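Chemist: Residues per chain, in single letters:
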Amino acid sequence: MSRRSGVSPASWLGLGTHADEYRYGTDERFGVVAESRLPERWVKTTCGYCSVGCGMLIGVRGGAAVAVRGDPDHPVNCGRLCPKGLSEHQTIAAPGRLHQPLMRTERTQPLTPTTWDRALDRVAGGFRALMAEHGPDAVAILSTGQLVTEEFYALGKLARLGLGIRHYDGNTTLCMSSAVAGYKSSFGSDGPPGAYADLEQADCILLVGANIADNHPLLAPRVLANQAATVIVVDPRVTKTAMIADVHLAIRPRTDVVLINALMKVIVDEGLVDTDYVSAHTEGYPELVAHLATVDVAAAAAECGIAPELLHRAALAFGRAERGFVAWTMGVNHSVQGTATVTLLNDLCLITGNIGRPGAAPFSITGQCNAMGTREAGGSSSLPGYRRFDSADDRAELAGLWGVPVARIPTERGRAYPDIIDGILDGTIRGLWIIATNPPVSFPNRRRLEAALAQLDLLVVQDGFETPTTKQGDVVLPAAIWGEKTGTYTNSERRVSLVRRAVNPPGQARSDLDIFLTVAERLGMRDELFPGWHGPEDAFAEWARVSAGRLCDYSGITYQRIDEAGGVQWPCPAGAEQPEGGTARLYGDGRFGTPSGRAQLRCVSPQPLSEPPSEDFPLLLNTGRTVEHWHTRTKTGRVGILEEMAPAAWVEVSPPDARRLRLATGDRVRISSARGAVDDLAVRVTATVRQGEVFVPFHYDERCVNLLTVDEFDPISREPNYKQCAVRLARCE
Amino acid sequence: MTVVDQPVSFLPTRSTPAESPRPSRGPSTGPTTGPSTRPGIGTNGPALLPLDAGEQYRFSFEMGACIGCHSCEVACAEQNANPVGVNWRRVGEVEGGSFPEAQRFNLSMACNHCVEPTCLSGCPTNAYVKLENGIVAHHAEDCIGCQYCIWNCPYEVPAFNPQRRVVTKCDLCQPRLATGDKPACVDACPTHAITVEKVNIAQWRADHRQADAPGLPPSDITLSTTRIIVPESMPASTRSVVDERLEPADPHWPLIAVTLLTQLSLGTLVATVALHALAARPPGAAGAGAAAGAGALALAVSVLHLGRPAVAWKALRNLRRSWLSREVALFSAFSLATFAYAAASIVGGWSPRQLLGLGLVAIALGAAGTYASGRLYLVPARPVWNSGRTVVAFFATALVTGPLVAVPSAGPGTAGIRLLFGLATIGSLFQLGTIQHLVASIAARREREFALTARLLFGRFRLLFVVRVGATLATTAACMLASLSAARAGAGFLALVVLALAAAGELIGRYLFFVTVTPMTAARRFSGGTR
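Residue numbers (the numbering used here), protein chains in the order written: chain V, 695 to 1427; chain Y, 43 to 573.
The shape of chain V in the complex, shown without the other chains (with noise of 0.2 Å):
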């Protein structure tokens, strides 16, 4: 929140304290508090950062966003947000908005502004102009998890049957793509399984390359109130969740998989398997056990770099386990073996009968607010309601419902986020649409995005504020964000979530759904795609109606239900008896969406790293996230506590790596990779990373750490390989 600064001769003097503006009053349902910060009235929504999904009341006063609350009603967090969302009205005045298109004709000219007419024609324009001249493959988007679910499911319908495109992918590609292959390759379909509330149920809880305290803070307190549990924490780092855990598991980096391996070596050998549930569910049982045989827990210990006693310790603890939970995030997605080791994951749940009962669950805690209703709802790389590009009769199905030709419906799901970029350097790609998202700061190898970005004959950026991504832009769309529009989220736990329109958007910005209805006015496919929609609601009745049938089955979820429960949890098919909230657990009967019915289990061999430490980059670089920032901090870095909180990219080098190199907290250093240098960067000397590993967060776009990071991705679902590559410090004179 702004103020008026104080520099006046009389302020000067001191003759006032500015008391008046710093006057408390009292809120009917919060207490006192001060007068700035009193609202009219308060609007029910959903915060807009993280998947945790935590409802919220936003304050609103005159026209503006003046204050945010926790909902204490909402399920998922009872009233508590992070330092995020705690201040996430002040995004929405911050400065930096966009507020009205912007284009330019030449990439060597300014932005300037101009109306959406002439902005939105050259944006339907341009597009076909290159998809005649150069094919269908001429054009791809890039989307986000940042949507609600309403506007994802108009994209995939404008992007697939409106402009014929088919590149279509999303950031979800950086974070979460590894969750969803893992699930469709051992279930036969994505979904996260679990709930919450397992955190509290759970008697042993395994967090994977988690760092919840950090990353997804709202569900700490679970874990914490959950005494009962052993915490076993996996991170090659002390991180501030390792430091709830009764077990930390401080492996190498990237050795997840051979300590999985051990661990189900270990429950193997002890005969802690859950047979019954294994012959009655699973397939795939004797080969893995064959694939086990294999594994030398000790020498397993010894690669992991950590003490044979705790990798027993932690393998009885969760095979003794009456419920069992698993939960990972981007320790385990970012990996060339993501997928792989995804699968892994839900093998060890398996072969323990932990999973579709409370407590027990493989769970992957997404990323952004909506990933998940992109991944359900938004056609980017599967159809919408989880549908196989691959199945004919999903394809026909889906044909059906809208009311097209099959012929429309693409039969595979195109170039995915990192191709769509080898599509730009080499040629194939000539136009691109950005929604929501900040590649030069995201992407590993800035360098080499960023020569992409400059080669586009057509770059249309959609965003809600000033970004590196806009700045590269031919065309800038304007759009309103968080607070400014009415949808859906979807949560980690498949909770569906209202987010609401308190405030109007800036100048000519307008919501995503908006500009992509508009979009296909332009293409004269209004009517045809998007028949009688105006607003949000047409959007989700139809998308619940595409989906009823569908494990994420809406077609029971009306927004007045979410009001009402606080939320509900998808599958909720319509008139199905169940609980008011939905369903809070998948497989409870024991099927999966695979052809058998049955999970299956796969064997996984580790594979080294492609870039080990050397003698030029004898370090090990890691990357990941702090607190107070989201993402590329295009939002987070325009609210001043939280800026001033963590204002700029740090190293943590561990104490004997800093001797050697006689640095010391505060020193600053250039850290160089293979592919660039970042330089200035303030180090931190910690004994929370291990020697010979270091830890830079990657918020930043000043001091990015992408400039470092290898262009290496799983081959299955794409992901890129963000944790581990080899570094060097100098110091910076």
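Quick caveat, the hints were computed from the structure, so don't treat them as lab data. Given the structure is predicted, the values throughout are model-derived calculations rather than measurements. Don't be surprised by glycine CBs; every beta carbon is placed ideally from N, CA and C. Among the hints, erroneous ones may be present.
From chain Y, some residues computed to sit far from chain V (all C-beta separations above 10 Å) [unchecked claim]:
1) ASN168
2) GLN396
3) VAL433
Some, not all, of what chain V presents toward chain Y, calculated at C-beta under 10 Å [stated by the list, open to error]:
4) TRP706
5) GLY708
6) PRO911
Coverage of chain Y stretches by chain V, computed from C-beta distances (three or more under 8 Å per stretch; other residues unrestricted) [said to hold, decoys possible]:
7) 118–132
8) 181–193
9) 203–209
10) 347–354
Chain V is fixed; fit chain Y onto it per the hints.
Modeler: Positioned in the frame of chain V, the structure of chain Y alone reads:
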């Protein structure tokens, strides 16, 4: 006062006793530790009970339960509409052990609502009050923005608000407590690590070990009431993580000017009155005039240090307790007396004996003012300042500079010259003594504040320190020689040169005094440095 609190639970809190209690992060066991099971996210913390006689409210903080989310800080800023940089609650970090057993703990600290609050006792305007319920409250309207409370608080709790130009601080959300709600930070904490509870003051006086934790100053100074629940597993090596990158403290240029000018004024008056006594008649108006001028200038400059110069007079409100109030009062009186002495020296009409009496009165006031000025810096929260050496150094500054200003008034003959350079020699020798004492105590003391001051004084500011010592040595030698030779010819020029040397030494010395001090503080966090 009663606070209604009905626990609302959406899920039952697990109360099954753990088979093996959490080994690493469980709270320490003892009569006053927290519950064995933590309340779930959907529950409120324990209800706040009404106070009995001899009790007050306080915060408690369970280090093992804090996940370092910083929600409390944001909630506090929102609750009080505080601008960026004005933090009434701060989460610091301490770290200990070695990989992979290393542990980092967060220390979320707001005001400790101390039993013996030094912010309150030092405040010259009585802007602070300890309420009946124990809350240390601060009234912005009474504050002049001198920020002396920030120096006095070992935890650096009071926060200067540059927009309001006054200090502001946590009041434990007193208005919320009064209406049955909990403070914003407590309500915001997702893990119930921060709570409000009551404490029996007499019992706490007798045993306040739980006010101490790594990363915090010793609680004895102010009898901090915040109860810290330290995890049993905390490594012995646990300490603040940011100490290594300590930045120099604020030089406080107005204070450098004020202290130097008042001391110069006193020294000049002492020299002038000494000449008066020596010659049994007033030595002309030059010395007295210079003393009066320097004193007046000091008073004028002093208000530049304040956030609210317009209400500087309020600084006289706490003569009973605050050395700052006393300093202001004594220097004001000193300034008036010096003016009277100077005026009487010029106008005449007073007998030499009466005038000498007036001069001695002025000296007494100036000496008392300088003593008060020195005492002002003797705060436990700044251990390097907290020594009689500081007072001695202030008087030494007076004596090494003032007599050199008075040289033009030395009169005919060598006695005056000898006297003045002699006085300056004594001052200079004393100053060398204080420097020696400072170096010796920094070498002898093991506390972080001394170690960090040493790092600044002998590291970053080494060159200035060497110049400071060199200037003082040269001043001593020059004054000694001039005093012994007592040459009349060229004495004025020599005095000017030596004065420049001495003034440079004292200016650098005073600058170093301010910038190399290490305040006690509650542990801070590493924040990645500057953009």
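Chemist: Tell me the hint numbers this structure goes against, listed in increasing order.
Modeler: As far as the earlier hints go, not one is violated by this structure.
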